[in-house]
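Participant: Residues per chain, in single letters:
There are 4 protein chains.
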Amino acid sequence: MSGSTYGNIFKITTWGESHGKGLGVVIDGCPAGIFLNEEDIQADMDRRKPGVNKYGTKRQEGDKVEIMSGVFEGKTTGTPISLVIFNQDQRSKDYSNICDVFRPGHADYGFEAKYCFRDYRGGGRSSGRETSARVAAGAVARKLLKELGIDINAYTMAIGNVKAENIDMTERFNNPLYMPDKAAAEKASALLDEAIKNCDSIGGIVECKVTGLPAGIGEPVFDKLDSSLAKAIMSIGATKGIEFGDGFIAAESCGSYNNDNFYMSDGIIKKETNHSGGVLGGFSDGADLVFRAAFKPTPSIAQPQKTVNNKGEDIEISIKGRHDPIVVPRAVVVVEAMTALTITDLILMNMSARIDSIKKFYS
Amino acid sequence: MSGSTYGNIFKITTWGESHGKGLGVVIDGCPAGIFLNEEDIQADMDRRKPGVNKYGTKRQEGDKVEIMSGVFEGKTTGTPISLVIFNQDQRSKDYSNICDVFRPGHADYGFEAKYCFRDYRGGGRSSGRETSARVAAGAVARKLLKELGIDINAYTMAIGNVKAENIDMTERFNNPLYMPDKAAAEKASALLDEAIKNCDSIGGIVECKVTGLPAGIGEPVFDKLDSSLAKAIMSIGATKGIEFGDGFIAAESCGSYNNDNFYMSDGIIKKETNHSGGVLGGFSDGADLVFRAAFKPTPSIAQPQKTVNNKGEDIEISIKGRHDPIVVPRAVVVVEAMTALTITDLILMNMSARIDSIKKFYS
Amino acid sequence: MSGSTYGNIFKITTWGESHGKGLGVVIDGCPAGIFLNEEDIQADMDRRKPGVNKYGTKRQEGDKVEIMSGVFEGKTTGTPISLVIFNQDQRSKDYSNICDVFRPGHADYGFEAKYCFRDYRGGGRSSGRETSARVAAGAVARKLLKELGIDINAYTMAIGNVKAENIDMTERFNNPLYMPDKAAAEKASALLDEAIKNCDSIGGIVECKVTGLPAGIGEPVFDKLDSSLAKAIMSIGATKGIEFGDGFIAAESCGSYNNDNFYMSDGIIKKETNHSGGVLGGFSDGADLVFRAAFKPTPSIAQPQKTVNNKGEDIEISIKGRHDPIVVPRAVVVVEAMTALTITDLILMNMSARIDSIKKFYS
Amino acid sequence: MSGSTYGNIFKITTWGESHGKGLGVVIDGCPAGIFLNEEDIQADMDRRKPGVNKYGTKRQEGDKVEIMSGVFEGKTTGTPISLVIFNQDQRSKDYSNICDVFRPGHADYGFEAKYCFRDYRGGGRSSGRETSARVAAGAVARKLLKELGIDINAYTMAIGNVKAENIDMTERFNNPLYMPDKAAAEKASALLDEAIKNCDSIGGIVECKVTGLPAGIGEPVFDKLDSSLAKAIMSIGATKGIEFGDGFIAAESCGSYNNDNFYMSDGIIKKETNHSGGVLGGFSDGADLVFRAAFKPTPSIAQPQKTVNNKGEDIEISIKGRHDPIVVPRAVVVVEAMTALTITDLILMNMSARIDSIKKFYS
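Chains as they are written, first to last, in the numbering used here: chain R, 1 to 363; chain Z, 1 to 363; chain W, 1 to 363; chain L, 1 to 363.
Keep in mind that the hints were calculated from the coordinates and are not lab data.
Idealized CB from N, CA, C, for every residue including glycine.
Among the clues, some could well be false.
[Claimed, not checked] Only pairs whose alpha carbons sit at most 25 Å apart, straight line, appear in this in silico DSS-like list of lysine-lysine:
| id | chain 1 | residue 1 | chain 2 | residue 2 |
| --- | --- | --- | --- | --- |
| 1 | W | Lys93 | Z | Lys360 |
| 2 | Z | Lys197 | Z | Lys182 |
| 3 | Z | Lys75 | W | Lys359 |
[What the hints assert, rightly or not] Label pairs and their computed distance ranges (CB to CB):
| id | chain 1 | residue 1 | chain 2 | residue 2 | range |
| --- | --- | --- | --- | --- | --- |
| 4 | W | Lys360 | Z | Glu38 | 34 to 40 Å |
| 5 | Z | Glu38 | W | Asn37 | 51 to 57 Å |
| 6 | L | Gly149 | R | Asn37 | 38 to 44 Å |
| 7 | L | Ser265 | W | Asn174 | 27 to 33 Å |
| 8 | L | Asp94 | W | Asp356 | 52 to 58 Å |
| 9 | W | Lys360 | Z | Cys99 | 54 to 60 Å |
Full structure from sequences and hints, please.
Facilitator: So, in structure tokens, the structure goes:
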């Protein structure tokens, strides 16, 4: 499994299991001179942290991040930044009910098929907790992007069949579901209460918007802005789909509707509409970047389920313990993190696109 | 733009513009000993070739592929396989109407923003013709996968709002739209005729199914089976979204419905349902891999459109010439190619997962 | 500085400065099922540790390695192995004499030129202490190679102008210089005592021999066995050269002498001589792999030296503190580590060379 | 063998065998806006071309390079540059004497061990002719570097035991050996005539000097300037060693001698000596970069040699045909090419080192 490194220039490598000594990430290729301290990172960590509301898991993990290297006198040095989140709660637990079982909807069977062996404690590497390292790294990328005026905001667009419709961005911090629509958030809460009562879980949709991105970012033909983001976002556990701009609706549209006309506005090229979601031919097109990701319902449910164990026997399990009935609100900050990491990498990659700017840099 | 290389072990690098001397691909890391000749590749090329039906562009490109290296005495040697498709039709044309214009829905503006300069002939590198190199490389990957019993089939699931519903797989080769539903294909044809009459274009959806894939393929946490495929597919021009299994519908589902129960069948682990689309936690789960990609309508339409030129003036253009009113039927084979390339790479990557198989290999 | 990741399949990422909270490495792509514990790694760490003899720096660092992830029930799981060496001695020191000075022979000026800013404490990232993370990772690679019967041994071939001549391999653990020649080790010790007395330092040569390597390892044309090792070894601080087999002497030889004749021995292909040092055309050739690396004298010397500071003033410094008069004995284990990491990666890469073995793996 | 791609940002992929349809290279990541035509590249190709003097092979290959893509209206576009050298002489030849034989000093055995199968015609991928693709790519990199005032010059420092001693740089273009010392060149010629008469071959040393390189280039800790160059140069066939600055002599030196003192000269930091060869701690140090590479004698000699065949029989062969008695003069331009490619990549990588320059780029 050498898939734990992401990025080309701004490169991250994550490590750690849910129930080991800790988790962490090494950021290599972060430019020197960015002001950075642990509080900058902790702010994002706290948004991901479970237990902040009744729909998050009840474990109080702390998720306290520590900068181990790469920062000196308050600034990044250009050398690798190692961030560690020590697990505070490593009590030996009883996993006898799941250690040899392939839980439906989980990675258990894949791990076993690949390695003939797995760390079954809390899902090991496939635990949602793995994303805490991504969030820590993403917080550093966001600090860099902020210096360039690039801002990333994700929020909950749908929970089950309840969709945010009357969008009010300020509202998203007012409810624990990060939904930018007060009425929808209330309906969604009711839906979740119902799911909990039924020992069930539910899926949802996260939308993400990036503002301030200059045009021309993305490296065709494989490392396009949208293809790179698709990989980044689809690597988050529980994602089942991604779409940019009109997305799947574009598949039903006509070209005369879907094409966004360009026009001049005070000397700046703008688009009348944004069906493209800010990406054309793999490059950013100057408009806001907009995409949505679909998350499946949490696979851990307390209802009895049929499955098999690694002895090849048909069995029945019910997964006890404290599990989120929904991953979406906590996924919001993970989507932002993966977006920040991807855009940062492409922003740095873009710097060598033209000989004139290279000459200017070295003159 | 160093984004023209794709893959880690089975690695391809594509090159070429629509109206230059030719296009091509170098495949590096293809195992030795695979029987390969130009006809093997040409078969896929011909499926992508424009002009095979009235909905494809009328240019007769030929798309004749030539193996330049890496094959000796009918077998791959393990060294790089260079495939070239020489452009046969390089007549000097008149591009004066588009050379300084940013066509709506196209990559023109992105190219200009990044490089301050572009090869405007036929869209240059962002032309649909770029995908011919992917198809050529994909044909080689498919030969390899066939040796392992892995089969990839894509087809048209929807054109505009016409969806294939009564699926009959044999039917998909009977109509020029690659639609596995005769009645739907006829309705879709009528829709396309209407679009052509209106100087308009239309989008659609391609579904892809992979059979024979063993469980455990994929390299978490970033190079998962689904995240890797998402990048591969979303790097095809005109894609706007991708979803696996139930996809966006999973976002509306409950866990008790979405989870696929495992059961034993003659000593083999199977799943009762396949809401996951064959991927769990980033690993293949032994079921068929199923995903869908949304394609936007062809941006080149003959209707007049408002846009700007690179002098910063508001203008109006109508894009003349022969353009497909829909990209989907030709995209079918490109989706198969990118899927084959991605799975081949992950299949080879998976071989070093366990010390016992490494010891066996070297004993 | 995104150069902190090394390897393609067996991939390491190191982090940490000499005087920060610690150093570490993440190993990604280590196969599952290898028995591993902290003692396995500590054994190599202790060989690199300073202060083990009078020619090593006197700081008692401890260099205690901790496994943070990737090992469960005593075996590697296939997920990233994070190793951390916490710095025990982080007392605030007085660096006022070197914080703005470019020490001759050091990386100080390069850091300043690149980043306009550096962590001057103990050399930061360019400290010899950086290699401790390499040694930790190398110990894991060696465990893997041992399972395949591949063994790596490095030793001191020369210190200054004193060369090991009557080679006795058992002898190299009997003297603190790791020299496989008792008489030479005594002469070298005298030379070092003299250097210390003169407030000076001295260079040397490390030779490395790999046994048990099968033929055909290496990935031409760029990732050859020798080119890959050249990069690995030359990335160790203070190296100034590397040569394989006859090396620079081969440049003075005739082909009739330099070519190694093959012959059959009990059904096995062998070579009469080993001028090649076990590598031909970038592949291992079945003979022992042999190379030598030249190390310059430690740049930190107590003698006064002329240099400049970052205000652009000519100044004079003498570098106080406890510095090794020679890096070679401690470099021996680092050379072994980088060799192990490189060979492991190429050994895993080699597994996808032929379709017949891929078919066998998946059948 | 997926080792045919080199570089991170400025990335090349080579392909082609000695006796197939041709050879070539795809350059991905070349910045847009560089003036480039086929003559620019041909000039370097002609320097490498065999048959230019009596010590080169007599085949008249032509080595005519063709630009297939990536250049429009005389300038690079930022998209992949595909360069092809079509083989003009593909006559079917008689290889029956070598097709199943492992020639001493060649890659034959390694190929067979890895792939159980090889293209035996003219050495296939391990032919010296493979370097023509490197030279073509290197010519493009040199054009870029020239825009930044960086110049690369290699020359023959030694042939056998004849060393260039009274260096006169203008002289190197006056003799077919590229030796910057007239008297040495004459002695070396006599030595080569003797070798030819004896059906033998001889080795030599190439030195390379890079001027104009700014300080701070190189990406520690693995992608250092010297480690990256070591890999690049050692990947050229027939190299057996590389050393920077004083190289192996540094291993015999004292620190007080080996350290280069810095001093100020008209506001610029300079060094009194250049024992380091222009690289300290993996970064360029502002002085000329200087390194030497050792090349072994050509392994193809007409003398009878003992070896084995792939049936496992001891045999004797003499390798007929026209072979250079020495590779060094033709290697000179290959060394320059690999140096140019490596430095270009590191120069581009360096652009994202500091947040202040990133902000300036995007403002």
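Participant: Hint by hint, say whether it matches the structure.
Facilitator: Verification of the supplied hints:
At roughly 53 Å between alpha-carbon atoms, Lys93/W and Lys360/Z are farther apart than 25 Å, so this suggested pair is violated. Taken as a hint, the Lys197/Z and Lys182/Z pair is honoured in the structure, with Cα atoms around 23 Å apart against an allowance of 25 Å. Note on Lys75/Z and Lys359/W: the hinted pairing holds, with a Cα-Cα distance of about 16 Å set against a maximum of 25 Å. Look at Lys360/W against Glu38/Z: about 28 Å separates their beta carbons, and that is not inside 34 to 40 Å.
For Glu38/Z and Asn37/W, the Cβ-Cβ distance of about 55 Å falls inside the hinted range of 51 to 57 Å, so the restraint holds. Roughly 40 Å separates the CB atoms of Gly149/L and Asn37/R, a value that falls within the hinted 38 to 44 Å. Checked against the hint of 27 to 33 Å, the pair Ser265/L and Asn174/W fails, with Cβ atoms roughly 50 Å apart. Roughly 30 Å separates the CB atoms of Asp94/L and Asp356/W, a value that falls outside the hinted 52 to 58 Å.
Taking the beta carbon of each, Lys360/W and Cys99/Z are about 56 Å apart, inside 54 to 60 Å as hinted.
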